[in-house]
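Listed here are the chains, written in short residue letters.
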Amino acid sequence: MDPISGWTPPQYGELIATPTVWYSTRPSATPVTSVTLLYPFGDKPVDASLKVRFGSAPGAFDVVVEADGTRRALSFDLAEGATVRSSK
Amino acid sequence: MLVGAALLAGAVSVGALVALPTGFQSITTAEQLLGVFDLARPELSQVATLARTGRTREALNALVTYYKQRPRPLPLPVAANSNRARADEIAAGRITHLSGFPPFVVKPPYDWDADPFGDCETTINLARQGWVSDLVSAYETSGDRKYVDACVTLLRDWIDRSTKSQYLQGRAFTQSGRQHLWMPRSFNLNSAERLNVPRPHAFFALRSSPAWSDDLQVAMLRQIYNQAEYVFSTLEPGDDRFVIGNRALVATGTLFPEFLRSREWRETAWQNLAEAARSQFAPDGAHVHLSPHYQWVTLRSLAWPLLLQRHNELAVERRYLSDLERGLDYLLSTSNPQRGVPVLKWSSRTDLRPLFSSVQELFPQRSDFAFLATDGRVGSPPRYLSSEHRFSGHVAFRNGWGPSATYLLFDVGPMGRLPHEDKLSYQLNAFGAYLVVDPGRYSYVMRPVDVYTASSEGHSAVLVHGGGQDRESQGSATRLRQEDLGTLLNRPSNVEHAGGRFHGPWKGGGDRPLVSHYRDMFFVEQTFFLVVDRLFPRDARPHAYDSLVQLGLGEATISGARVVFRSAETRAGLVIAHVTTGAPEEKLRNLEGLHGPH
Chain A
5 MDPISGWTPP QYGELIATPT VWYSTRPSAT PVTSVTLLYP FGDKPVDASL KVRFGSAPGA
65 FDVVVEADGT RRALSFDLAE GATVRSSK
Chain B
17 MLVGAALLAG AVSVGALVAL PTGFQSITTA EQLLGVFDLA RPELSQVATL ARTGRTREAL
77 NALVTYYKQR PRPLPLPVAA NSNRARADEI AAGRITHLSG FPPFVVKPPY DWDADPFGDC
137 ETTINLARQG WVSDLVSAYE TSGDRKYVDA CVTLLRDWID RSTKSQYLQG RAFTQSGRQH
197 LWMPRSFNLN SAERLNVPRP HAFFALRSSP AWSDDLQVAM LRQIYNQAEY VFSTLEPGDD
257 RFVIGNRALV ATGTLFPEFL RSREWRETAW QNLAEAARSQ FAPDGAHVHL SPHYQWVTLR
317 SLAWPLLLQR HNELAVERRY LSDLERGLDY LLSTSNPQRG VPVLKWSSRT DLRPLFSSVQ
377 ELFPQRSDFA FLATDGRVGS PPRYLSSEHR FSGHVAFRNG WGPSATYLLF DVGPMGRLPH
437 EDKLSYQLNA FGAYLVVDPG RYSYVMRPVD VYTASSEGHS AVLVHGGGQD RESQGSATRL
497 RQEDLGTLLN RPSNVEHAGG RFHGPWKGGG DRPLVSHYRD MFFVEQTFFL VVDRLFPRDA
557 RPHAYDSLVQ LGLGEATISG ARVVFRSAET RAGLVIAHVT TGAPEEKLRN LEGLHGPH
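Protein chains in written order, with my numbering: chain A, 5 to 92; chain B, 17 to 614.
These are computed hints drawn from the structure, not numbers from a lab.
Examples of chain A residues toward chain B, derived with CB under 8 angstroms:
{"#": "1", "residue": "P23"}
{"#": "2", "residue": "T24"}
{"#": "3", "residue": "P31"}
Please read these numbers as outputs of a predicted model, since none were measured by experiment.
C-beta atoms are modelled at their ideal positions from N, C-alpha and C, and glycine is treated no differently.
Throw the hints in and build the complete structure from the sequences for me.
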């Protein structure tokens with residue numbers, strides 16, 4: 005059965021239903037890595053997308069975020085600390 | 017000694033369950049009341065003369081006359097946000113008190129045990145008597161006698177009949193569950209809350225009203241004395257309650273210096289407040305609860321006595337000003353663009369502006385405090401943007417100090433005293449909206465929904481086999497550890513980064529999964545966030561994971577692995593996209609309003 009989910013109390017004693025997004029995986033015995041993009045927008049909704057290419061080394065991956073025609077490419081290496089650099 | 021909580025009403029009751037300190041004796045007679053005043057004070061010479069000759073009634077009248085004319089000291093004005101509509105409701109017999117609950121009817125005979133919503137906070141708030149101040153404020157602004165009449169009627173009933181209350185006699189406690197752990201301690205807090213605002217507010221503001229009778233003023237003086245003695249005798253160091261109790265002692269000792277005990281109340285309380293300010297706040301300014309709402313509660317109570325001194329042109333106590341400022345700095349640097357606290361642990365959307373407005377006179381040099389208090393109309397914003405708090409483990413990312421700024425609070429720290437299983441969770445505000453939310457608290461009753469708001473399932477966290485974190489099982493020694501977590505916020509290139517680790521325990525009883533969760537948060541070009549989760553099984557068993565994103569009030573539309581959320585609060589929203597490797601993904605779900613709230 006699904007658990008209690010999707011409730012927010014904006015103040016004491018008041019409860020409202022709110023969306024809760026569940027990203028779920030099936031069982032795996034190997035390490036699992038996920039990347040989640042959170043792209044806020046104001047008046048005008050943004051057309052944002054995420055592409056990730058995971059490398060062979062643990063903690064290494066490339067990310068491309070495109071939003072309204074702007075492309076940002078970043079390379080991450082989280083094996084020791086966090087290294088981030090812009091990539092082409 | 018086991019007697020009733022009769023001191024709360026100034027009469028004696030026998031056979032109840034609330035333990036009073038040994039030797040505590042509440043005063044009940046007119047002679048006893050006169051005996052607790054320093055009648056050697058020149059201003060009370062007439063009272064003294066009458067009391068010495070056994071003319072007790074006349075001595076009390078002289079005492080009341082003295083208080084009717086005494087120019088100072090006077091209580092701090094009650095904030096103008098006390099609204100008339102609330103007072104009208106109360107005057108009509110409908111008590112309004114808790115924010116999310118509707119008014120409920122309280123008519124004679126008054127039920128001081130009223131619990132119409134199955135939430136003991138209702139009964140507690142009746143006992144704290146915030147409704148007195150609502151009525152008094154309405155009278156002060158309107159001069160309408162109906163508010164005084166209602167106040168007199170309710171207070172008289174309280175004084176005469178509250179000793180019959182099951183709650184106030186300690187008979188309403190459950191012997192299981194969490195409530196009984198803290199409800200008895202709430203007696204100290206209830207008395208302190210009455211002494212802090214409603215009682216002195218009513219006593220001085222209504223003293224010239226014809227409806228405010230002399231005998232009621234005498235009863236009030238007796239209760240004020242008894243309650244201060246009770247608070248003094250039952251102080252319990254540790255958290256916000258201790259600060260609130262000592263605030264009450266400073267307030268009472270300052271406003272009623274004529275009591276023989278006032279000097280001791282004040283001197284002890286100032287020392288306690290200084291010690292609490294030093295010990296309850298970590299070097300990064302975070303309060304021991306790690307619950308920003310209760311940090312606000314504590315700081316407000318630390319500031320109040322200082323403001324009371326200023327209001328009465330007394331020398332301001334300085335021994336904990338720097339600790340107070342450190343705590344305020346934490347609230348400033350973690351404040352969200354709505355000028356509220358981050359909604360962590362037992363927090364709600366507490367507005368920080370009134371507090372920062374009130375402390376401006378204590379810290380006139382802090383233009384950034386003025387900035388927060390006035391929404392930027394006065395003062396200047398802090399010189400920094402994102403900030404780290406190395407003891408609380410709270411990292412606040414932000415791209416500005418305006419109301420539309422993008423802000424994310426990332427919690428990589430210890431649990432603190434209010435157990436929420438929320439390590440590595442985050443909350444995101446931008447463009448004036450609450451986009452990703454922390455539930456904070458619903459109530460203290462511990463219904464299933466309260467368990468939910470304290471659990472990982474209620475946070476933007478990761479679950480293993482449907483189970484969340486279980487730090488509470490490690491006991492308080494681990495939860496309360498205060499240590500320097502080192503540098504948390506890094507700025508490689510145009511990306512800000514913070515990371516945290518959770519190695520368990522996860523829920524699962526004897527079959528707990530052994531999994532380490534690494535979460536790294538990247539704020540890219542001060543525009544968007546990337547959340548990187550890495551899950552490492554340490555037990556060679558297959559594990560299923562759920563990664564939750566708790567959205568605010570609004571609508572979420574799912575398209576493939578992408579979610580577009582549109583806030584119902586402002587014209588703002590959030591695009592969420594997600595990519596996983598290492599395990600097959602289930603279909604993305606939006607589980608909204610499931611199995612609740614009761």
